[in-house]
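Spelled out, the chains give:
2 protein chains.
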Amino acid sequence: MNPLTSPLLTDLYQLTMLQAYFAYGMRETAVFEFFVRKLPPHRNFILAAGLEQVLAFLEQLRFDQDELAWLEQSGLFGKDFVEHLRGLRFTGDVYAMPEGTVFFPNEPILRVVAPMPQAQLIESRLINLVHFETIVASKAARSVLVAPDKLLVDFGLRRAHGAEAGLLAARASYVAGFSGTATVLAAPLFGIPIFGTMAHSFIQAHDDEAAAFAGFAKVFPNSTVLLIDTYDTEAAARKVVALAPQLQRAGITIKGVRLDSGDLAAHARDVRRILDGAGLTQTTIFASGNLDEYRVRDLLAAGAPIDGFGIGTSLVTASDAPYLDAVYKLQEYAGKPRRKRSTGKATWPGRKQVYRHYRGDGMLEHDVVTLEDDVQPGRPLLQLVMKDGKRVDGFAGFDVLRNYTKGQLATLPQHLRELDTSSEPYRVEIAPVLRELAAKFDRQTASVQHSASSDVLVV
Amino acid sequence: MNPLTSPLLTDLYQLTMLQAYFAYGMRETAVFEFFVRKLPPHRNFILAAGLEQVLAFLEQLRFDQDELAWLEQSGLFGKDFVEHLRGLRFTGDVYAMPEGTVFFPNEPILRVVAPMPQAQLIESRLINLVHFETIVASKAARSVLVAPDKLLVDFGLRRAHGAEAGLLAARASYVAGFSGTATVLAAPLFGIPIFGTMAHSFIQAHDDEAAAFAGFAKVFPNSTVLLIDTYDTEAAARKVVALAPQLQRAGITIKGVRLDSGDLAAHARDVRRILDGAGLTQTTIFASGNLDEYRVRDLLAAGAPIDGFGIGTSLVTASDAPYLDAVYKLQEYAGKPRRKRSTGKATWPGRKQVYRHYRGDGMLEHDVVTLEDDVQPGRPLLQLVMKDGKRVDGFAGFDVLRNYTKGQLATLPQHLRELDTSSEPYRVEIAPVLRELAAKFDRQTASVQHSASSDVLVV
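If you read the sequences in order, they're chains A and B. Residues in the first sequence are numbered consecutively from 1, following my numbering. Residues in the second sequence are numbered consecutively from 1001, following my numbering.
Rather than coming from a laboratory, the hints here were simulated on the basis of the structure. You may find that some hints are simply not true.
As a list, the in silico BS3-like pairs of lysine-lysine whose alpha-carbon atoms are at most 27 Å apart [as the list claims (entries may be wrong)]: (1) B/1255 to A/79; (2) B/1387 to B/1150; (3) B/1406 to A/345.
Ranges between beta-carbon positions, derived for each pair [what the hints assert, rightly or not]: (4) B/1278 to A/334: 51 to 59 Å; (5) B/1279 to A/38: 40 to 48 Å; (6) B/1392 to A/2: 27 to 35 Å; (7) B/1027 to A/2: 50 to 58 Å; (8) B/1075 to A/24: 29 to 37 Å; (9) B/1078 to A/38: 29 to 37 Å; (10) B/1038 to A/436: 50 to 58 Å; (11) A/422 to B/1072: 46 to 54 Å; (12) B/1235 to A/86: 36 to 44 Å; (13) B/1421 to A/222: 45 to 53 Å; (14) B/1250 to A/420: 54 to 62 Å; (15) B/1075 to A/282: 43 to 51 Å; (16) A/334 to B/1279: 46 to 54 Å.
Predicted, not measured: the structure shown is a model, and the values here were computed from it. Yeah, the Cβ is synthetic: ideal placement off N, Cα and C, and Gly gets one too.
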């Protein structure tokens, strides 16, 4: 059983509900929508990501022999139900905002239309995938906004929450505009550019720091980035300068140096001066070490001569907002709108579309959430991406996707680009038809819930 | 290439360093230790977890044909180096604190002794595994401490950071003392008890809430937990009461009800009264919905009659401390102690052991970190768990492990059990021999680094 693809990577209640749906033949069409209830702290917008992984998951969804055998012997489920699961595939439709779309609370970014058991079963993993890539893309976009012309590299694998988080964080940050990642596997699996320098252990394993530099440079004559903070940053920079002429004679160019600790702005200025003083003006300075978008912003504001940033833990854990209040809720079943009214968690019923309106200068103005059949002015954001369980289009490729994201970020007005929470949140209007539908549903539910006699219900 | 096992799930610099080690024949024994530099906010102790996954990873470590082919065609590595990787296996020793051990900053909890390339290559994934399970176990332990007699269930899969995070969070919280998880796959893969109720969508898919309750109960006659907050919690509780006699006649007992929104303490009291008033004193109340250890503590302090808690997002993302300053650092190479002196990131050199001292009442008093060969009084915490790449013992099983954790948590003095940060942090002494070794290393390094003439180094 592979956790990355297994339908058993789900909550137990999905399977118990499926057994109940099976028992009562409840296979009518269900409509679920994924949306975020509210902005997390420190965010003025959210950037959608993860759709690609969801579509791949849906296309391959099936219970294999091991999984069926385990379900049967677990004693939790009936034999006929387990047999029924053998044939289960995802045959529904999916509508979604493209990855890289800027979105806001209460806006569905993904809608699933499928027979109830299918639409229900996929809930846990669908949220798991979209939620995670979206929090990382949203975090990464903030660094992209403050350092649009710098090399930004994901350095987070080691403190990502498991293997898939490390891998998908590389993808999500690349979707958002990062230059690449240090995670090797992202290259063969996704085609994402990979970057790497050297670690302190390499320096430490040598008795002499300069010997470590020279040795490393010789093995990688065209791409050497030397880590210079193991003992004394400025002293190490002078060793690099001393080595450079000999390396040059051997055809080796030191591409850059990396700072990983201390006062990065001060070290960068000192090191830049040392390098420039020796004519090494093309040698770049790369910084890492507990960085996030705030520190990057402050370093650049301080004029630190840094060419690139490795951003790790804060990025891949989205540390200041490690989760979204993201949900996947039933909006319609068997042709009837559905709604949950739980305190603080009420939902808008029905199949919805989001229309985006722009100001004269092309910046975002406001969005309108309405019913799918209430066609409105503005640009509709949800598109059909899967029909009858088959993708409408293949993956367009990262060039197209990253260009789309860039265009999306370019429409953010200044107050939404700031790292601090804006006092003027983006306006998302709930259309009158949606409010009317919700009110109508509430009236009907109240009458049904109060009039139902329960004595006809059992057995 | 399977992200969960692939050696390419690593940072690029590990592979570039390996190529340099290969070029220079640097295969001497390296000693790396994993430790946490400082406590994160809101934590008075850390609970070790993830060792089992690390040992499994090391035992199966190898590059498969696809991975070797990709490395070769990448253009980043030499053909002979890639050929060399074909035979790479982990043949080293591992010393570790058992999972479930309470530990503190600057204490190595895991030591790897292996030829340098092996010890280096595994860094990223080793940290990735231990770091994540440890943050979740540490978070989970806090709920266990405030609600030792309650049913505690991991509900976090959907907002965990990817598939492996969901799965390992189930494991780590179970290690810490949770009763189980909602994540189905944790049962077949780990043998962890699974729990599930029903979701709002099941209720919503019915026109009548009571019909949904009755229908679900009929399918699960012995284990029904009904979700009662979809529309009106107290009204739903009265529906449960009205249904109960009929269900009973059909041989069906309602095991419990679940609250998922609103003022949980008030609802729990109202619902308890409604249930008890109808003689349903055995029907339990289970609560969920944005819970964490603080809310659990407060609900219990308020006397809320709640029998169990589903804790999700806050647990699996360790949301108030989603990462540790956890590192894996070279402490010795080729028989010589090694040390990094980077500002704010200096390490203690050499192979270390941690000795624990207890007060007269069995509570923790203080720990001493010293060199392995400086045998001291107190209980040594690091044990040999892998020898020459083979595990010393198999997994002892969760009964043993959970019992061990319970014993560990029982040794926490009151000020370390509090949810808020203690003003009196636990005392971890660095032994004099360790300080002397560090000072000696610094003197030697300074003389080597300053005397080295770099003109002998290149080519």
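Hints, verified against the model:
1. B/1255 to A/79: Distance ~24 Å between residue 1255 of chain B and residue 79 of chain A Cα, so the pair holds.
2. B/1387 to B/1150: At roughly 40 Å apart (the allowed maximum being 27 Å), residue 1150 of chain B and residue 1387 of chain B break the hint.
3. B/1406 to A/345: 37 Å, violated
4. B/1278 to A/334: 51 to 59 Å: 33 Å, violated
5. B/1279 to A/38: 40 to 48 Å: Given range 40 to 48 Å: holds, Cβ gap about 41 Å.
6. B/1392 to A/2: 27 to 35 Å: 29 Å, holds
7. B/1027 to A/2: 50 to 58 Å: For residue 1027 of chain B and residue 2 of chain A the Cβ distance comes to about 35 Å; the hint is violated.
8. B/1075 to A/24: 29 to 37 Å: Violated, at about 59 Å.
9. B/1078 to A/38: 29 to 37 Å: 53 Å, violated
10. B/1038 to A/436: 50 to 58 Å: At roughly 55 Å between Cβ atoms, residue 436 of chain A and residue 1038 of chain B fall inside 50 to 58 Å, so the hint holds.
11. A/422 to B/1072: 46 to 54 Å: 50 Å, holds
12. B/1235 to A/86: 36 to 44 Å: Since residue 1235 of chain B and residue 86 of chain A have Cβ atoms about 40 Å apart, the given range 36 to 44 Å holds.
13. B/1421 to A/222: 45 to 53 Å: With Cβ atoms ~49 Å apart, the hint holds.
14. B/1250 to A/420: 54 to 62 Å: 59 Å, holds
15. B/1075 to A/282: 43 to 51 Å: 22 Å, violated
16. A/334 to B/1279: 46 to 54 Å: Distance hint for residue 334 of chain A, residue 1279 of chain B is violated at roughly 36 Å.
Taken one by one, the earlier hints fail for this structure at numbers 2, 3, 4, 7, 8, 9, 15 and 16, listed in ascending order.
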